[in-house]
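Position one of the first sequence corresponds to residue 1 (the numbering used here), numbered consecutively onward.
The hints are simulated quantities; they were obtained by calculation from the structure and are not laboratory data. All values derive from a computational prediction rather than experimental measurement. For every residue, glycine included, the Cβ atom is placed at its ideal position computed from N, Cα and C. Just so you know, not all the hints are guaranteed correct.
Computed Cβ-Cβ distance ranges for the label pairs, DEER-style [to be verified]:
| # | residue 1 | residue 2 | range |
| --- | --- | --- | --- |
| 1 | T620 | S645 | 41 to 49 Å |
| 2 | G31 | E685 | 36 to 44 Å |
| 3 | W277 | K232 | 18 to 26 Å |
| 4 | S160 | G533 | 24 to 32 Å |
| 5 | T456 | K582 | 27 to 35 Å |
| 6 | T487 | E398 | 53 to 61 Å |
| 7 | K153 | E19 | 52 to 60 Å |
| 8 | L724 | E535 | 54 to 62 Å |
| 9 | T456 | T487 | 14 to 22 Å |
| 10 | E731 | T620 | 40 to 48 Å |
| 11 | G31 | S160 | 31 to 39 Å |
| 12 | A25 | V748 | 26 to 34 Å |
| 13 | N237 | E398 | 31 to 39 Å |
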Amino acid sequence: MEEKYNPKHIEEKWQKIWEEQRINATQKRQGSKLYVLDMFPYPSGSGLHVGHVEGYTATDIYSRFKRMKGCNVLHPMGWDAFGLPAENYAIKTGIHPRETTEEAIKTFRRQIKRLGFSYDWDREIGTHTPEYYKWTQWFFLLLYKNGLAYKAKANVNWCSSCQTVLANEQVVQGACERCGTKVSQKDLDQWFFKITDFSNELVDDLKEVDWPESTVLNQRNWIGRSAGAVLKFKIRNSKFEIPVFTTRADTLFGATYMVVAPEHELISNLKPQITNWEEVEKYIAKSREKTELERTTETKEKTGVELKGIKAINPGNKEEIPVFVADYVLAHYGTGAIMAVPAHDQRDWEFAQKFGLPIRQVICDRYPEPTCPILKEAYTGFGYLVGSGQFDGIKSGEAKQKITEFVGGEMKITTKLRDWLISRQRYWGAPIPIVYDPKGNPHAIPEEHLPWLLPTDVEFKPTGTSPLAQSKELFLRVEHIFGKGWTPEVDTMDTFVCSSWYYFRFVDPRNNKEFASKELIEKLLPVDLYVGGAEHTVLHLMYARFFTKVLHRFGYISFNEPFLRLRHQGMIQAEDGRKMSKSLGNVVNPDTIVEQFGADSLRLYEMFMGPLAEAKAWNTQNIAGVRRFLERAWRLQNKIVKEGSHKETVLHQSIKKVGEDIEELKLNTAISQLMVCANDLDSRESVSKEAYKTFLLLLAPFCPFITEEIWERIGEGGSIHNQLFPTYKEELLLESVARVPVQVSGKVRAVLEVSPGTAKEKLRDLALRHEKVAKWIHGKEIKDVVVIPDRLVNIVV
RNA sequence: GCCCGGGUGGCGGAACUGGCAAACGCGCACGACUCAAAAUCGUGUGCCGCAAGGCUUGUGGGUUCGACUCCCACCCCGGGCACCA
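Using the sequences and the hints given, assemble the complete structure.
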């Protein structure tokens, strides 16, 4: 009798041995390269979350499986270590963020190792180390030198609680993504990355990647590309004109007024002609005070003020129309001004109703028709033009182009994407490698001075300016290198900059001459499988794609998408179905589960919960099920005999199913099959060693510890994880008996047991003569008999 | 409002290309072991019915010999976007 399965003992034992033998380092194998990557974690003080474990287990199973198939798998792990929580903690306690971050990394590393993930620890990286952020700064300079990083005064999102500006992507429904504080607008001089330069590629190249459809759609919607035209409206008695962007040039003749955004520069240009300037100024001031949230979601009630004394000329029908300023028009989209067509745009309709402006229908869904149906709301569909002079009767689609040409406008593509604001008025981030001369002009810090170190002599209490502004060390360093009067940039970079390129660093993590060698990049990248939460859909994925496209444009790399295949792990909720959170006290700590059940059980359980991408609720009781399965797998040791004569149908079906399921990351059904296989083996008096070994090899990617231990106990040499994955024999997949159900008018009445491949005619005969069938067809006319060999017979009466 | 994703036993979930709905697991019931309990193992388990049989994949309709799967309409849940001209 073997001793009892003791996960604690064997997991500690093998963790140590693997570490000593560095079994997980990327090894040379015969097959092709494969880069399997997890979204690296932010090492938070609360430690590893069961959600991390889910994604990491999936990629670990995939990596181990692929190694057993002979692939050279690159599977690294690192730390997205800069960020606000550590700094906020420093404000509270005075402990330096570096200390708390290093401490958190230690915990994460210990927890991850304990779970048996096969990361190549020789490649570990941390974004907060100077060796790493040297290259983050190098990327900044690459962008800067190519005109893709620029400083500009802009109306930016400000979070008063985090005391920093935010990128648009970090503003969720008008509030800070991190802390939920309402975001206000501020005019500040900030650094931007010109991601808009890549908006077309960012949309078009989505065709090349194997990503979840919803993620692709989210990216596409965020970029929000739309095709339209820019038309110019002249101002009466003025040299100025107002260009507008429209996707509906066909409705030009229905434009009965115009609207410009409160920030529009034209308003001040036209000041001398505006007769109600005071009122206009008041309106602008009021709308600037409003937060983005108030301007958009709070009330959809339209507000605005007419610019009295100003008239624009509709270039279609030469009619003079009024011009309004209203905040339902956004300054940063299109040209910041619109032609308003109340009959065919719901927002314009509402505005026109409120201000008593004419509503003129110019699109009708029927033609020719003496009268169009009377509108009760804006008609936004397409149709035929009416009331549009020489264009009457033309279809919308055709009219768009014709009218644009007629008024001398031009076709234009516009996107919602805005440039990426990367300045942060915070300490714990990569310093922006810029210095200012005594006149205040920015200069790139020469590469020889990189890494441009984060100073240590700062206070963490927020003062409204960047903590680096207090650093004597930093100012002295600048004076020393650049001369008197020179000053440093005191903002740091958004942490998303650090995580936009880390997958490059893993291929060559100790290189201090380049961010990674060109040869290794081409050999190992792009990432073949990338797994992480769906919540990073817009932010991280968009930025990472942008960085890759920058490198591609400047000839550093030959590919232009970083992640070929992307899969998300779903959220793991608490037992009550709510979100796991510290404040609710319902967070499951992986350590506790490992203590209680073992790492192999935890891995298995999380994969068995359901499909990887779906949200799933935690249920500790269910872990007992997978643990029982492992106990059974363990006990099978007692049944081993040297040779057996059993026909291994289920075993070979399992080799096929498990292999195919891992390939598609359907790990829940792969585990079901492993259970079926174990049940099958356990139902016998004895099991051949060959069969048992095969079963263990199938289980090895899922449960590295128990399989390694048994492998040793049954006297096999070497690590089980260096073996090849079993292959199945086609001829062993078929059962010796095919069970073919017989239906009478769609209801199963009998089952035929025949040898597989029995001919149609034979099946038909057997079915019709079957005693259980006779009862149902007796005295009835048989209209048809459908026979699908090995599958079913359906007698239609 | 718009765009995705999803509704299957008491629960988590399975089901190839339209072919025996409910694999696998949890729970539950009964049994074995035990002085007893836990653990473990075995058997059973969609619902109604003593049975024969009937019913069942959110609701209603349709296509088909046959629908969880395809089509139409509706209801509910989850996620994303939200005055983007």
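(request) Against the earlier hints, flag every one the structure doesn't satisfy and list their numbers going up. (result) Violated hints: 8, 11, 12; rest satisfied.
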